[in-house]
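Student: Chain L is already provided as a structure; the job is to place chain W on it using the hints.
Protein chains: 2
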Amino acid sequence: MKKLLQVDFDFNGPFADEMTDALSELAASINNEPGLIWKIWTESETSQLAGGIYLFDNEANAKAYLAMHSARLTAMGLSNIRGRIFDVNMALTSINQGPIAK
Amino acid sequence: MKKLLQVDFDFNGPFADEMTDALSELAASINNEPGLIWKIWTESETSQLAGGIYLFDNEANAKAYLAMHSARLTAMGLSNIRGRIFDVNMALTSINQGPIAK
Chain L
1 MKKLLQVDFD FNGPFADEMT DALSELAASI NNEPGLIWKI WTESETSQLA
51 GGIYLFDNEA NAKAYLAMHS ARLTAMGLSN IRGRIFDVNM ALTSINQGPI
101 AK
Chain W
1 MKKLLQVDFD FNGPFADEMT DALSELAASI NNEPGLIWKI WTESETSQLA
51 GGIYLFDNEA NAKAYLAMHS ARLTAMGLSN IRGRIFDVNM ALTSINQGPI
101 AK
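Chains as they are written, first to last, in full-length UniProt numbering: chain L, 1 to 102; chain W, 1 to 102.
If you're looking for bench data, these hints aren't it; they were derived computationally from the structure.
In this text, all values refer to a predicted model and were calculated from it rather than measured experimentally.
Fair warning: there could be bad hints in the mix.
Which copy is meant is left open, because identical chains are indistinguishable; a pair holds if it fits in one copy or across any two.
Stated by the list, open to error - Okay, derived cross-link-like pairs now, EDC-like style, lysine to aspartate or glutamate, Cα gap no bigger than 20 Å in a straight line:
1. K2 to D57
2. K63 to E33
3. K2 to D17
This is chain L alone, in the form it adopts within the complex (with noise of 0.2 Å):
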């Protein structure tokens, strides 16, 4: 079963264009992990945090992902790192247009 994982943590920069330049290697590079089907990814310079939205093929996926990817947030120096993963209720999705193919 499919599984959204939900990461945010503190960040103070760069953002935006300077965030794009910066990321777009490990972008690609998360096309390789195991199971990922996409990744939104997430940033607020007014509230000073990052993170991702993204959507696995299953579980064990899904926390093997956020293990590797905490301690790699972690030795970048950031911190406040929060990860949940979660079902994805798909008939109450599928009301409201949610982006997830059955």
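Tutor: Just chain W now, kept in the frame of chain L:
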């Protein structure tokens, strides 16, 4: 500019099909909220959490929805409500097939 709203809160059910039955009318009403593009409904019986990932057309609509929804959840007796509004880094999201049209 589109904004992503991430919400979660403590939740002890109903989950899965029973959640669908309980909340389908609420889901239908959410389609009428100003600026809503989509919502992904999240739930975790394991973690005793539920929430949603929303895409809105702009920040004012995301903020207004978060204020209204937080009050509604509180009135339903739910607690530890956490809402965060993010920009989407479109370039990085495109690299990872994130389902957000430009």
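Student: Any hints from earlier that this structure breaks? Give me their numbers in increasing order, please.
Tutor: Nothing - there is no hint that the structure violates, so all of them hold.
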